[in-house]
Amino acid sequence: MSVGTREEWLAARKELLADEKELTRRSDELAHRRQELPWVPVEKEYVFDTAEGPKTLTDLFDGRSQLLVYHFMFGPSVEGWPDAGCPGCSYTADSLDGSVTHLAHRDVAFVAVSRAPIEQLHAYRERMGWSFSWVSYGDSDFNIDFSVFTEEGRRTGKGFNFGTAKHADMDLREEELHGLSSFVLEDGVVYHTYSTYDRGTDVLNATWQLLDRTPKGRGEDPEGWPRRHDEYPEEDT
Amino acid sequence: MNIGTREEWQEARDALLAEEKEHTRRGDELARKRQELPWVPVEKEYKFATEDGEKTLAELFDGRSQLLVYHFMFGPDYTAGCPTCAATADSVNGVLPHLNAHDVTMLFVSTAPLEKLQSYERRMGWRLPWVSAGDNDFNLDLGFSRSEEQTREWVEPMFDQLPPVAARNAKDTGTDVVRYLTESPGFSAFALKDGVVYQTYSTTARGLEFLMGYYPILDRSPRGRDEGPEFQLWIRPHDEYER
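Chain order of the listed sequences is A and R. If you're matching positions, the first sequence starts at 3 in our numbering and goes up one per residue. If you're matching positions, the second sequence starts at 284 in our numbering and goes up one per residue.
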């Protein structure tokens, strides 16, 4: 830290503001580029288990023309199984829950999908106090089909996050994944438009974004952080 | 829209991914630059009305070393909070335990009397620490509130250029455009060290979009934000949407 006068702060802040504005405009540009990605028809039929019985991908649009899917890690390889979903996804879901309420009024349906059976998803959702839609893809190939996009990847389960080296050993046939996928429905056809994983979901997490604006930044994570929001020791909260 | 094959998509997606990664890294760099801003000692003594009685700015840190403040537009004359700030609060309401466990206290500050804030908070079902700066100059000094006279001087010459959301939100908050705009939305960060409070950061306008959780999601949807000049007009307090 360096202590300064209001005038010194203001000069430095204005310089930073120019950089921040540039980053915002660049973000707009990337959003525009995402819209230019080709739409790929989804030809396979997927059936999801939902609170209202089995539903197809088209049904999940719920009368809207756009569908955003959060891949929430909740399966046998996740810490907390069989009672709880992944702590990291839960941490992000705490940000998503209040925001997605507004999306339905912008022609966008939002749903979280996981491997675990629907009863487990809903019991955990109740424990965490969330209200977003959450469905189970069960035994279907939905998760692997929207996380690796090559024939070889689907056969080996390898290649998460577009083949990044960091996850080279991850086998998606066994393990869960987190990410966001976008779909659009036009003239009765569902198209896949976009998917992002790993740090690509940072901006969906208000806590990360807030920490980026604190005096000390993200810093070193405290031990055992982040946890499920009801698992922090009392003295922390 | 253009329809493509999986291979065409993959090629375009890989190119975009490289740019997205660059954008993420640039974001990390700006976070570092924020930490390098000089810390400015807050010398004035402010007293806030809180649910636990009157508190100073240092007391609002609640035992932690960092304090984040969202300046929520809820002026003394408002009958309800600003709808856009309410949607922002929806995005933040669930994350406080994670911040608190990371040595960060976050709270909301408005100039309306505490009872009004508490009653609106109950209506919206939030559990946000929300304090009133109605009896101090905190918001004025940081530039997020101003007198009706000052607001009129600033607003009147540009009345025709205001986006439609200003008039709509003024109506929603039971005010008129001038009284509505006596408040501005904002975000400020403070540090507490050796008993001294420092201001480290402030932002407003599009600098607040990181707190509007629906925007980054819409930025990844097939049709984007798609708002045009009518931006934010679609945003309602969450209990006023028709299903």
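Treat the hints loosely; a few may be bogus.
Taking lysine-lysine pairs in the DSS-like style, the calculated list, with each CA pair at most 27 angstroms apart, reads [as the list claims (entries may be wrong)]:
id, chain 1, residue 1, chain 2, residue 2
1, A, Lys-23, R, Lys-304
2, A, Lys-218, R, Lys-454
3, R, Lys-304, A, Lys-160
4, R, Lys-330, R, Lys-454
5, A, Lys-218, R, Lys-399
6, R, Lys-327, A, Lys-46
7, R, Lys-338, A, Lys-218
8, A, Lys-16, R, Lys-476
9, A, Lys-57, R, Lys-327
Rather than coming from a laboratory, the hints here were simulated on the basis of the structure.
These are the hints, each one checked on the structure:
Note on Lys-23(A) and Lys-304(R): the hinted pairing holds, with a Cα-Cα distance of about 18 angstroms set against a maximum of 27 angstroms. For the given pair, Lys-218(A) sits about 40 angstroms from Lys-454(R) by alpha-carbon distance, which is inconsistent with the 27 angstroms threshold. As the CA atoms of Lys-304(R) and Lys-160(A) are separated by approximately 21 angstroms, the hinted pair is consistent with the 27 angstroms bound. The hinted pair formed by Lys-330(R) and Lys-454(R) fails the criterion: a straight-line CA distance of about 31 angstroms is larger than 27 angstroms.
Using a Cα cut-off of 27 angstroms, the hinted pair Lys-218(A) and Lys-399(R) is violated, with the two alpha carbons roughly 33 angstroms apart. Distance restraint check for Lys-327(R) and Lys-46(A): the Cα-Cα separation of roughly 65 angstroms exceeds the 27 angstroms cut-off, and the hinted pair is therefore not satisfied. For the suggested pair Lys-338(R) and Lys-218(A), the alpha carbons sit about 24 angstroms apart, so the restraint of at most 27 angstroms is met. With a C-alpha separation of about 25 angstroms, the suggested pair Lys-16(A) and Lys-476(R) falls inside the 27 angstroms cut-off, and the hint holds.
In summary, the hint linking Lys-57(A) to Lys-327(R) is not supported, as the alpha carbons are separated by about 60 angstroms, beyond the 27 angstroms threshold.
When each numbered hint is compared with the structure, violations occur for hints 2, 4, 5, 6, 9.
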